[in-house]
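J.: The task is simple: from the sequences and hints, build the whole structure.
Chains as they are written, first to last, in the working numbering: chain A, 1 to 241; chain B, 1 to 221.
Be aware that one or more of the hints could be misleading.
[To be verified] Below 25 Å or equal to it, Euclidean Cα-Cα: the simulated DSS-like pairs (lysine-lysine) are:
| hint | chain 1 | residue 1 | chain 2 | residue 2 |
| --- | --- | --- | --- | --- |
| 1 | A | K24 | A | K169 |
| 2 | A | K24 | B | K161 |
| 3 | A | K212 | A | K194 |
| 4 | B | K136 | B | K193 |
| 5 | B | K17 | B | K113 |
| 6 | A | K26 | B | K136 |
| 7 | A | K26 | A | K169 |
| 8 | B | K14 | B | K113 |
| 9 | A | K169 | B | K161 |
| 10 | B | K193 | A | K170 |
| 11 | B | K136 | B | K14 |
| 12 | B | K41 | B | K17 |
| 13 | B | K14 | B | K41 |
| 14 | A | K169 | B | K193 |
| 15 | B | K77 | B | K161 |
| 16 | B | K113 | B | K32 |
| 17 | B | K77 | B | K41 |
| 18 | B | K161 | A | K170 |
[Said to hold, decoys possible] For the chain A half of the interface with chain B, some residues (derived, Cβ under 7 Å), not all of them:
| hint | residue |
| --- | --- |
| 19 | A6 |
| 20 | D90 |
| 21 | F92 |
| 22 | G131 |
| 23 | L134 |
| 24 | A152 |
| 25 | H155 |
| 26 | A163 |
| 27 | K166 |
| 28 | L168 |
| 29 | I202 |
| 30 | M221 |
Simulated from the structure, these hints should not be mistaken for lab results.
C-beta: ideal position from N, C-alpha, C; glycine also.
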Amino acid sequence: MTSAVANNTLDTLEALERAPSILKVKEVFRRAVERFGFTSFLCSAPPRPEEGSVDPVLFDAWSRDWRQRYSKRRHYLHDPMLRELQRTADPFTWDAVAARSPHSPDEQRVMDEAADFGMRGGFVVPIYGVGGQLHAVTMTGLDPQTDSQARAELHLISIYAYARAKHLKKRHGVPPVTLRPREQQVLQWATSGKTDWEIGQILGISESAAHKHIENVKRRMGVGTRVQAIVEAIRQGQVYL
Amino acid sequence: MLHLIDATNRHLPKNQKLLEESFLVRHELYVKGRGWKALEKPDGREIDQFDTDAASYVFWADGMEVVGGARFVPTDKPHLMSEVFPHIVTFGSVPRSANIWEITRLFTSRGGKSAVNRRDVTSEVFCAMFELGLVKNLEAITVVCDTFFLPRLLEAEIDVKPLGLPTPYDEGTCIACRLPVNLTQLSAARGGKRGSVLFHIDAPVRNRQPAYARSDAHAAH
Chain A
1 MTSAVANNTL DTLEALERAP SILKVKEVFR RAVERFGFTS FLCSAPPRPE EGSVDPVLFD
61 AWSRDWRQRY SKRRHYLHDP MLRELQRTAD PFTWDAVAAR SPHSPDEQRV MDEAADFGMR
121 GGFVVPIYGV GGQLHAVTMT GLDPQTDSQA RAELHLISIY AYARAKHLKK RHGVPPVTLR
181 PREQQVLQWA TSGKTDWEIG QILGISESAA HKHIENVKRR MGVGTRVQAI VEAIRQGQVY
241 L
Chain B
1 MLHLIDATNR HLPKNQKLLE ESFLVRHELY VKGRGWKALE KPDGREIDQF DTDAASYVFW
61 ADGMEVVGGA RFVPTDKPHL MSEVFPHIVT FGSVPRSANI WEITRLFTSR GGKSAVNRRD
121 VTSEVFCAMF ELGLVKNLEA ITVVCDTFFL PRLLEAEIDV KPLGLPTPYD EGTCIACRLP
181 VNLTQLSAAR GGKRGSVLFH IDAPVRNRQP AYARSDAHAA H
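T.: Structure representation (C-alpha cells):
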C-alpha cells in the first residue's frame, strides 16, 4: 500500500477525531467517500420492521425523496440489505447481495427503485457499539469503487465517523422536542409503567393509537427505544416520575 | 483478585500454578471454544512461542481459579504482530520498542466454578493494562484484534490508532492498533466506575507500589 493512501486515510481519521460538530463529521466523511465515487450516505440504526420506520439517524446525506418513498412503501419489510444485516456483521456491497440467490419480486423492487434514485452501487458497514447496539453506515453512488482496498479504507473511516458522531450526540444531547398534548399524556402514563393497552383504556383511545404516539415521539427525538424516549422526556421536564 | 506475573516472580509456586491454570483455560477458550486448531497442543495446554520469560501476565483469579487475564510482550522482542502479522501493519512499520508492549490472549473464562461477574473481570483486566503501562512507563500498548472491537473502544472514549487497514481472515477482519498509555486512557477505561485494580495509580509517582506486593510478602512468611 502506498504511503499516499495511508496518509489520506490517516488524515481523514484525524479530521474525524477532531470534528467539533456532526456537520463537520459529515463534511469530512463526504470528502472521503467521494474519492471512491460515493455520493450519498447514511449512518443510522436500521429500521426494525416490527416497529415501523423508526431509524435514529446519526448523520446523513441521503435523498429525502428516497427516504419518504422507502417509508411510505414500507421497503424496510423487503429490503435485502436489511436482511443481510441480520445475517452478517461484516461490511458488504450491494452487488454481492444482489448477485446472491434469486430475489422475490418485493426484494427486487426495492433494489430497482433505489437504482432509479441513482443509487446503483452501495456499500454497507455494520457497526456494533457498546451494549451491542447496531448502526449501519450505508453509502451509495452511480458506479463507485468497491475493490478490497477501497472497502478496507471505507470500513475504517466509517467506524471513526460513527464513533465521533455518537460522541458528539451524547455530549450535546438530544435537542428538545416539544411533545404534543396527546403525546405527553401517553408518554406520562408510559413513564408510570403502563402498557399501550392500559394507556388506551385510561385515555379512551385504541392500543395502536397509543403505540403510534410513542413511536412518533421516538422518531422525533431520534432515539431507538421507549425507555430512551421516557428518559429524554424526563430530562427535558416534559413528563415526571 | 488481580495478579501480575513476570520474570521476577514466575518461579513462585503460586504463580507457577496460576500460569499453568491459564494455559488450560486458554486451551478451553481458543482451541475448543473458537476452534483455532493451529493453537492445539497434544498436552492440552495452549502455549506458544511468545510465552517466554520476556512475557508478563495479568490474571484475575478467584482463589486459584483463573477467570480472566492477558499476556504482555515488549515489542523489541519477537511478538505476534512482528512475527505473525507484520503484513497488516501498512501505516509505517511494526512498532519495536522496550517501552511499547503488545497485549495478546486477553480472555475471560466461560463456565467454571467461579460466580464472579465476567464483565467486571474483562473491565478490570483492561484497566490493569493501563495501570501496568503507567507503572512501567510505557508509551503505548499495541494489539492485533478483531475490527469489531474498534467501535466499542472508541465509544468508551479510548484513544486507539490503527496501524493498518482492516484485513480479512477466516472469521471476519482484524486490525493492528496502538493504544497510547496515559492517565486519560486509564480514566476512560475505568469509566468512572472503578478505582485502582492492580497498582495504586492515584498516588503521586514516587509512592506508587504494587497493590499485590503486600499479599506476596504475606505469603512469604
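J.: So which of those numbered hints doesn't the model satisfy?
T.: Violated hints: 6, 21, 22, 23, 28, 29, 30; rest satisfied.
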